[in-house]
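Going by the numbering used here, the letters in the sequence shown line up with residues 141 to 265, in that order.
Just so you know, the hints here were simulated from the structure itself, not pulled from any lab data.
Quantities reported herein were computed from a predicted structural model and do not represent experimental measurements.
Take these hints with a grain of salt, some might be off.
Unchecked claim - With beta-carbon atoms standing in for the labels, derived distance ranges:
hint, residue 1, residue 2, range
1, F206, N142, 18 to 28 angstroms
2, E168, D247, 14 to 24 angstroms
3, Q209, R163, 29 to 39 angstroms
4, T253, E231, 15 to 25 angstroms
5, P211, Y179, 14 to 24 angstroms
6, L150, I248, 15 to 25 angstroms
7, E205, M226, 18 to 28 angstroms
8, D249, E181, 26 to 36 angstroms
9, G164, P196, 26 to 36 angstroms
10, A261, G185, 14 to 24 angstroms
11, P211, P245, 29 to 39 angstroms
12, M141, E181, 28 to 38 angstroms
13, A243, R163, 15 to 25 angstroms
14, S210, G185, 30 to 40 angstroms
Glycine is no exception: its CB is placed at the ideal position from the N, C-alpha and C atoms.
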Amino acid sequence: MNILIIDDDLRNIFALKTALKSRGLKAEGCISAKEGLDYLEKEKGVDIVLLDMMMPEFDGFEFLEFVHQSPRKDYPPIIAVTAKAMMGDRERCILAGADGYVAKPVDIDKLLTEINRILLAGSDD
Numbered sequence: 141m142n143i144l145i146i147d148d149d150l151r152n153i154f155a156l157k158t159a160l161k162s163r164g165l166k167a168e169g170c171i172s173a174k175e176g177l178d179y180l181e182k183e184k185g186v187d188i189v190l191l192d193m194m195m196p197e198f199d200g201f202e203f204l205e206f207v208h209q210s211p212r213k214d215y216p217p218i219i220a221v222t223a224k225a226m227m228g229d230r231e232r233c234i235l236a237g238a239d240g241y242v243a244k245p246v247d248i249d250k251l252l253t254e255i256n257r258i259l260l261a262g263s264d265d
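When you get a sec, could you build the whole thing from the sequences and use the hints?
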């Protein structure tokens, strides 16, 4: 499985990549939403995106809006991974177009459960 992590904090990318690698998963990181979009244009083998919602300039909500308004329909599923963990934030991310939601600090077991849920749901299509 190939996972793309989009987060403006290199420490978060490093921590997630390390945790995912320890579980036998491959992950790449991008430090901005723009870089993430560019990566997705070039690399077609991404299975799922872990998207930080609070980034400067071009945040996760704008990223989701761009993806869902794009004529391209083959974007991978997107999980909002965010420190915004107040009541209603999960629903706001899902309404914005995220396929899943995990709060920071990330519990890797919960993240893997969410990834599996989304990928299994996608296999029913």
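The hints, checked one at a time:
1. F206 x N142: 18 to 28 angstroms: 21 angstroms, holds
2. E168 x D247: 14 to 24 angstroms: Roughly 22 angstroms apart at Cβ, these two residues keep to the hinted range, so it holds.
3. Q209 x R163: 29 to 39 angstroms: Check passed, 33 angstroms falls within 29 to 39 angstroms.
4. T253 x E231: 15 to 25 angstroms: 19 angstroms, holds
5. P211 x Y179: 14 to 24 angstroms: 19 angstroms, holds
6. L150 x I248: 15 to 25 angstroms: Distance hint for L150, I248 holds at roughly 18 angstroms.
7. E205 x M226: 18 to 28 angstroms: 21 angstroms, holds
8. D249 x E181: 26 to 36 angstroms: Given range 26 to 36 angstroms: holds, Cβ gap about 32 angstroms.
9. G164 x P196: 26 to 36 angstroms: 33 angstroms, holds
10. A261 x G185: 14 to 24 angstroms: 20 angstroms, holds
11. P211 x P245: 29 to 39 angstroms: 37 angstroms, holds
12. M141 x E181: 28 to 38 angstroms: Violated, at about 20 angstroms.
13. A243 x R163: 15 to 25 angstroms: 19 angstroms, holds
14. S210 x G185: 30 to 40 angstroms: Check failed, 19 angstroms falls outside 30 to 40 angstroms.
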